[in-house]
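Engineer: All chains, full assembly: derive it from the sequences and hints.
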Amino acid sequence: MNTLIPATMVLSLSLAPMQAVEVPALPENVAKLFQMEEDVSNHQILVFTASWCPACVQMKNNEFPALRDKNWEIGESKASHIRLIDVDQHAGLTDKYNVQSLPTLILVIDGKEVSRSGSLSAYGIAEMFYNRK
Numbered sequence: 001m002n003t004l005i006p007a008t009m010v011l012s013l014s015l016a017p018m019q020a021v022e023v024p025a026l027p028e029n030v031a032k033l034f035q036m037e038e039d040v041s042n043h044q045i046l047v048f049t050a051s052w053c054p055a056c057v058q059m060k061n062n063e064f065p066a067l068r069d070k071n072w073e074i075g076e077s078k079a080s081h082i083r084l085i086d087v088d089q090h091a092g093l094t095d096k097y098n099v100q101s102l103p104t105l106i107l108v109i110d111g112k113e114v115s116r117s118g119s120l121s122a123y124g125i126a127e128m129f130y131n132r133k
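Under the UniProt record's numbering, read the sequence shown as residues 1 to 133, first letter to last.
Calculated from the structure, these hints are not laboratory results. Do not take every clue at face value.
Using 16 Å as the maximum straight-line C-alpha spacing, the simulated EDC-like pairs for lysine to aspartate or glutamate come out as follows [said to hold, decoys possible]:
no., residue 1, residue 2
1, Lys60, Asp86
2, Lys70, Glu127
3, Lys96, Asp86
4, Lys96, Glu113
5, Lys60, Glu76
6, Lys60, Glu73
7, Lys78, Asp110
Derived DEER-like restraints, expressed as beta-carbon distance ranges [unchecked claim]:
no., residue 1, residue 2, range
8, Glu73, Ser121, 15 to 25 Å
9, Gln100, Val57, 12 to 22 Å
10, Asp69, Ala91, 28 to 38 Å
11, Gly118, Pro65, 14 to 24 Å
12, Glu113, Ala79, 13 to 23 Å
13, Asp69, Asn98, 30 to 40 Å
Model, not experiment: these values are computed from the prediction. For each residue, glycine too, the CB sits at the ideal point set by N, CA and C.
Structural biologist: Here you go:
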């Protein structure tokens, strides 16, 4: 059902004062996950992704900025906290880790797979990185 809204009503709504919305602070247990207090130098999350994967692009655009704001290194480097692996360019690694869907996140500690998951929030990624999931 289509409903027409009078132009005067639209104009009055558009001129209505905006109310500020207060964003609550992160709960303490969440904030602690982003602090790198323990030795996690041997932890790395491998993110198998592709440019044509909508869920991968969404995770990169929506979740990675929060991690970068907390000084996490995200990139193709083997030294990154989160190593991005394009499945189209790295078929050998994709086969080695038996990646069947995208995105796939794999926590590697001391070179061994510890856990894996699909797309996660920034909090979920931090939780996985600290091996608390």
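Engineer: Compare the structure with the hints numbered earlier in the document and write down the numbers of the violated ones, lowest to highest.
Structural biologist: none
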